[in-house]
Structures are given as C-alpha cells and as structure tokens.
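S.K.: Chains as they are written, first to last, in the working numbering: chain D, 1 to 77; chain G, 1 to 266.
Fair warning: there could be bad hints in the mix.
Listed next, the stretches of chain G that the computed footprint assigns to chain D, with coverage defined by at least 3 CB atoms under 8 Å from CB atoms of chain D [said to hold, decoys possible]:
| hint | region |
| --- | --- |
| 1 | 27-33 |
| 2 | 38-47 |
| 3 | 198-209 |
Just the calculated beta-carbon pair ranges, DEER-fashion [stated by the list, open to error]:
| hint | chain 1 | residue 1 | chain 2 | residue 2 | range |
| --- | --- | --- | --- | --- | --- |
| 4 | G | ILE117 | D | GLY38 | 48 to 56 Å |
| 5 | G | ASP102 | D | GLU33 | 26 to 34 Å |
| 6 | G | HIS124 | D | GLY38 | 44 to 52 Å |
Chain D side only, calculated, beta carbon under 10 Å to chain G, not exhaustive [said to hold, decoys possible]:
| hint | residue |
| --- | --- |
| 7 | THR5 |
| 8 | CYS13 |
| 9 | ALA29 |
| 10 | PRO72 |
If you are wondering where the hints come from, they were derived from the structure by calculation, not from laboratory data. Even for Gly, the Cβ is constructed at its ideal location relative to N, Cα and C.
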Amino acid sequence: MTRGTVTIQSDRCKSCGLCIQACPQHVLAFAEEFNLRGYRPVQLDEREHHCTGCGVCALVCPDVVFTVYRQPLRRAA
Amino acid sequence: MTTMVMEREAPTLTATPWELVYQRPAALTDLPTHYCPGCSHGAIHRMVAEVIDELGIRERTIGVAPVGCAVFAYKYFNLDSCEAAHGRAPAMATGLKRVRPDRIVFTYQGDGDLASIGGNEILHAALRGEQITVIFVNNAVYGMTGGQMAPTTIAGMKTTSSPMGRDVLTQGYPIHIPELLAPMPGVAYAVRRSMHAVAEMRKVKKAIRMAFQAQLQGVGFSIVEILGACPTNWHVSPTDALDYIRDRMLPEYPVGDFKVDARLRD
Ligand SMILES: Cc1ncc(C[n+]2csc(CCOP(=O)(O)OP(=O)(O)O)c2C)c(N)n1
Ligand code: SF4
Ligand code: SF4
C-alpha cells in the first residue's frame, strides 16, 4: 500500500540531486525534460508507491520544492 | 515555449484523504532563490523560517541580511528585515534590539562577512552580551565574489586567492568563532553544526531553535555556526560537496556545544 507521496514544484528544482541521494526509498529520479530554467527537475519514478512520506527530500532540498503527504495510520478495528 | 507542468494536485492515489505533513513555511516568501544548485544557504533559510513559524514569532521577528551570497535574504524571509553594510549586521541588530526589545532580532551572515570584515563587530556584540541571535554560515570561502580565501579557509585549501592552497605560515590559521565567543560571560549559546548528512541537518534545525529560544528567554547572545556547502567555488558536485564537509571541514571544525546556558530550555 502507498503510505506517502510528494508533490514537486518542478520549475524551482535546480537538479542538485541531493534529494535523490538522500531518499531512503529511492523513489526519486531526474526527468528527461528540462524546466524553464534549463534544469532537469526531479520527479517520482516508477517506484513511487514505495514512498513513505518521511519528508527527508523536503529536509535536504535547498529550493523548497517538495510538499509531503502521508496516509493517516489506520487503527485496528 | 511551453511550460512543463509536473506539479500535481494533492495526490488522489488512494481512497482515504491524504494528510499534509510538510509544506513551505509561511516565514519564507514565494520567490525562487538565486543560489547555485546544492548551495546550503537555501536549506538553512528554510530551517530558520520553520523555526520562526514553529515558535509563532513571525510578526515580531526582524532579520538582518549580510553582504555575501545571502545578500537577498531580506527578500526570501517573509518578515521585517533589513540589509547591513558588509560585516555590520551585529551592529545593526544591536540597534534594532535596543530600540525594540520586544522584537526578536537575528542576523544571517557568511564567514567572510562575520569573521573577516565583521570580526570586530561580532566580537564586541558578544562581549556586550547583546540579546540577539546569529546564524553563521561557514562555507570556508567568499562565495559571492568568486571563491577567495576567507579567515575560515582550511589549511591547504585551494581558493582563487590561495591557488597553491592556504599556507598557514604566511596566510594564518583558520578561525574558530563559537569556541572564541563561548567563554564570554554575555554569551548564552555557542555551538557548531553541519549540513553534510540528514541526521546532522536535523541537529542544525534544533540548534537554530535553541538559539532563538535563548533570545526569547532573554538569557544572552546566541550563535550557531553551520558548516555549509559552496559547490560552485569548491568546484565539486552538490553531493560531493557534502563529502567535502565531512572529510575536510569537520576535522578542522568539529561540531559541538561550546556553551549552553543552564537556564536554557527547549
Ligand atoms: C565594504 C565591502 N568590502 C568588500 C566587499 C566585497 N565582498 C562582497 S561579498 C564578500 C564576501 C562574502 O563572503 P561570505 O561572507 O563568506 O559569504 P558567502 O558569499 O560565501 O555566502 C566580499 C568580500 C563589499 N561588498 N563591501
Ligand atoms: S534537492 Fe531540490 S533542487 Fe535539488 S534535485 Fe532535489 S528537488 Fe531539485
Ligand atoms: S557561490 Fe557558493 S555560497 Fe554563493 S550561492 Fe553559489 S554555492 Fe552558494
């Protein structure tokens, strides 16, 4: 089950790669396309369902590109 | 030219509504920064802004921006701020705090700004025990002007003005600011942290919080030195710059608490 996800403001990304290196679930990769500033922005790759919403990408990103979401924990009935 | 839009709406992959766990802090404006890819200034700005939001002090906080790459900090922080002459941020902060003691006043300074031209200013602001908070970003070079040697440049480090590497016998030794200020009676909080890893970055934010807390409690002058990356002038990739901090900067500048006033509480 997907536990978390992120939205990415691609136009602000500068392709530094710090988030790709830091992501513990390895769900981030550079896009093929370029953004308006000429950088290849980060995107969620095909492993995106492994995202836990831990927020490490948002912690390391110098350009405040990420918004982070999590699935609320389901309590046992 | 078409704009590539990859920004998605709040995700709708599952049936249960998503819980928002992180978003851009209110204490940052919406402006994209001019910083180079991987520059630590951006993440440090963000952490300062998060702390200001978490403490609920945005409406009464005043920032003082330096001369250096962070010269536009006043545009990036969504709060009252002003711009000091090179190295003079502690003097300006002193004036602001003394005139408006109800305000939370902080400076944001690079190592050239704080330790070189502003060395005298920071020393005496600390000696006077000014009730201000200093965020001090040490990237071991003058970033803005093209990577010249700073007082913080480590021995042997190549810069545009020390092309053979800093020779300590003719160019002197690196300066250790929090260690220097910690023994002063007016100083309540003097620590060093580093941006080279996720766990260390969390400690950076905690230290920024403690530094603001010191001012809120009125226990004295507070300073956090943060080892940050300048990939551009170090001529390395943003990810290699983190290794550079760990392998080259940390041995010279160990992280640690050089003074934590006993009255200080988190
Ligand atoms: C009075 C004065 N002297 C010199 C300069 C040139 N100058 C601009 S920025 C700078 C050093 C900036 O380095 P640092 O404070 O380490 O900040 P960084 O750019 O690395 O973030 C210098 C010497 C200036 N602007 N004003
Ligand atoms: S850390 Fe931020 S700026 Fe750097 S590649 Fe990731 S999203 Fe882009
Ligand atoms: S020159 Fe260095 S300190 Fe200045 S914005 Fe670029 S990476 Fe940051």
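S.K.: Starting from the hint list further up, note which numbers the structure goes against and sort them upward.
M.R.: 4, 5 and 9
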